[in-house]
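Undergrad: Single-letter residue listing:
Number of protein chains: 2
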Amino acid sequence: MAEPLGIALLGCGTVGSGVAHLLLNHAERMTRRAGRPVWLKHVVVRDPAKQRDCELPPGVLTTDLDKVLGDPDVDVVVELAGGTTWARQAALAALATGRDLVTANKALLARHGTEIFAAAHQRGRAVAFEAAVAGGIPIIGAISQGLAGNQISSVQGILNGTCNFILTAMTERGSDYAGTLAEAQRLGYAEADPTLDVDGSDAAHKLAVLVRLAFGMAVSPDDIDRRGIAEIAAIDIRYAVELGYVIKLLAEAWSDGESVALHVSPTLVRKGTPLAETRDAFNAVKVTGDAAGETLFSGAGAGMMPTASAVVADIIDLATGRAQLMFAAQRLWQTDAGQLTVRRSDEVLSRFYLRLTVADRPGVLAEVATLLAMEGISIASVIQHEAPEDAPGQSVVLVAMTHTAKTGRFRAALARINQSDNVREPGVYYPVAD
Amino acid sequence: MAEPLGIALLGCGTVGSGVAHLLLNHAERMTRRAGRPVWLKHVVVRDPAKQRDCELPPGVLTTDLDKVLGDPDVDVVVELAGGTTWARQAALAALATGRDLVTANKALLARHGTEIFAAAHQRGRAVAFEAAVAGGIPIIGAISQGLAGNQISSVQGILNGTCNFILTAMTERGSDYAGTLAEAQRLGYAEADPTLDVDGSDAAHKLAVLVRLAFGMAVSPDDIDRRGIAEIAAIDIRYAVELGYVIKLLAEAWSDGESVALHVSPTLVRKGTPLAETRDAFNAVKVTGDAAGETLFSGAGAGMMPTASAVVADIIDLATGRAQLMFAAQRLWQTDAGQLTVRRSDEVLSRFYLRLTVADRPGVLAEVATLLAMEGISIASVIQHEAPEDAPGQSVVLVAMTHTAKTGRFRAALARINQSDNVREPGVYYPVAD
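From first to last, the protein sequence lines are chains U and S.
First residue of the first sequence: 2, per the working numbering; consecutive thereafter.
First residue of the second sequence: 2, per the working numbering; consecutive thereafter.
There's no promise every hint is true.
In this list, chains with the same sequence are indistinguishable; a pair is considered to hold if it fits within one copy or across any two.
With a Cα cut of at most 20 Å, we get these calculated SDA-like pairs of lysine to any residue [claimed, not checked]:
no., residue 1, residue 2
1, K51, K407
2, K272, T408
3, K51, A413
4, K407, A370
5, K51, A193
6, K407, R228
7, K272, G409
Hints listed in this document are in silico derivations from the structure and should not be mistaken for laboratory results.
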């Protein structure tokens, strides 16, 4: 039997407790899969007195990272602390002292990935991050390894479980955003401060990690256009359903080999397709490659044990040596895809859903159609329900689905439509997925 | 740059041509991903004069396996010949002469896996077989690596694209089996002799491979209970839809840690779930683990380029050394899970769909319910449409869904029901997925 693999966990919140549970309570399974014992030697926390979900052996809990990094028994540092300041310093210190790094921290990789990957490469160490995107779904391995023969042309994902839980509840129960968010918080599906989830930032961080793997391109999360879910009105969800769609928060990236378009946005997805049928807190990622075609991966995208499953897979991969070979093959510290540029969002082609609140008088639809046509955009379908008999001259809702158009031209047409005397409120629009 | 990796393909049919296409026409991509050139040196075929889908460089095509195995430049033998006689000999000869083996041949692994894996282990070589199950979906890597921290409790899959294409057409267009099969043959989705596909054998072979990985258990495909799709009547598909289900050919295996139940059977799957929404020739595999929960993998399960994508992923994994480490960790040649037994199909718990053709007279439903109750089985729902007014006393159809019962007790009850004077034809039944 080979030497034990010594592990130091940084952070022991929900995911850290799950990892400790697997390593301590399923030690025999870990040894069998890893080919050697996996030894949880240290757990570094800020407040050792805090109540935790797992029981650690005496002497494991510590607040002293330097002492831990001075211990020659530690082979792997598992960063589960979150944030990008202390976590960045700790990750770089772990690599500098010759440890391999496992991290579930998408924000860290999205912001400081190039620096961290280069530091690892320089020291001949590996970084494994299966848990950073889509929790228990092994999407990092699938893109890096299972689809390695492919040129990938697009990645589309439901990457934030909180948003998907809220949108599913709004769609299936007709409730509004504020009430659903409050319920999600009560059930533990949303944080007390849900900003990074609901504004699309978390999904943008994960998309930045996927784009680096799929296209070999380092994108700053600040360069990813994003719209969150807080503005989504119940009426748009109802109209989407009437048209045969559901609204999902999608993170999407497309490469044409020269430029990459990418965004996070509420998007209409046709009912009956796998992304549309991904419900509640589940995540799903659709990857399109030139050989494999469309492949879809779905499962629990967050939570204690699903995320711990991914962290432990990385630990086992490091124990067997696979993670080191995978990291070398991923070449994440290189910028050899430097010729790829981010495509301006105005250039991105899409169909659009548009809801207008308009005056109930003749000629309004003709005016809207004309203003769209001036930008070369044609309408694929329209819904306009009759106004109530007893309220003539009031506002009515006009919903249109366009054919494919450049986003910039659609926005230009909408700016003119919004200026019309017939239009009572700025139009609401969302892209429609292929 | 490291030495080139020398490849010999055995067989150059559809998948072989796809592999040759990727290796020859995307050589720069292969070199980048593999970290070294991948050199297609030989393609062994029976009939070199046959028309093929790819253009090979001069001197590559040969009929002489011995000569190829005598070439020290050959590092990897890729078996795509199919069948289990010549393919077995060739695979063993490749391993005996020190080559790593890639194979897409599920029948070979299901029948002779233990022998082939042991031979590889003995020679210190690796066997990679991502393409043997579910084509372009990287399910082998997902189970072996991405979910390595989990105890897997079940694997459920749509593993045969031909059957799924036929069932989708029957469900969505109401056509019957014979007509749909003929159409599938015309479109190239079914072989001229579709027996191994439609009788469930192909799915059973793939299930045997998955069970070995997921549970560490060697199962002979002959020990896998199977029912094919040829007997499925259009009327059962319609009643399933009326009940909120679709009929899919599922390959399923469940482990309780002591025994494994497994079968291939047409199964009612609830509409709106990912397996039910897997259409046409697509495959899907759902894996349930104790940490990750339910994960689902779907995509093109067959065809030239999707299967070639998986073969090339294996070649790249061998070039980087990952496949060797994965094979060692899989321990497929061991029989350390020897304590696991195959659970008798009579012991398997399931709900059931039952369609009876019965006399249209009072008391029939009571009799059926009583005979089921004698085996402890209760009815969850019933459909019986009124008989036409102008044809009293004729047969009517009675459809029942049961609550969960042991398969053996359900079969016993059905045997008694079939003997009733009120029952005009033997009852038709299918299990219902959870």
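Undergrad: Since the copies are identical, ignore which copy is meant and state whether K51 and K407 lie within 20 Å (CA to CA) inside a copy, between copies, both or neither.
TA: Neither. Shortest intra-copy (53 Å) and inter-copy (48 Å) distances fail the 20 Å Cα cut-off.
Undergrad: Between the shortest in-copy and the shortest cross-copy C-alpha distance, which are at most 20 Å for K407 and R228: within, between, both, or neither?
TA: within (18 Å within a copy, 51 Å between copies)
Undergrad: Should K272 paired with T408 be assigned to within, between, both, or neither, using CA atoms and 20 Å as the limit?
TA: neither (23 Å within a copy, 35 Å between copies)
Undergrad: Up to 20 Å between alpha-carbons, please classify K51 paired with A413: within, between, both or neither.
TA: neither (54 Å within a copy, 58 Å between copies)
Undergrad: What label fits K272 with G409 when the C-alpha limit is 20 Å: within, between, both, or neither?
TA: Cα proximity of K272 and G409: none, with 27 Å in one copy and 39 Å across.
Undergrad: Quick one: K407 to A370, C-alpha cut-off 20 Å, is that within a copy, between copies, both, or neither?
TA: within (16 Å within a copy, 62 Å between copies)
Undergrad: How would you classify K51 and A193 at a CA-CA limit of 20 Å: within, between, both, or neither?
TA: Within one copy only: 19 Å inside a chain, 67 Å across chains, cut-off 20 Å.
Checked against the numbered hints given earlier, the structure breaks hints 1, 2, 3 and 7 and satisfies all the rest.
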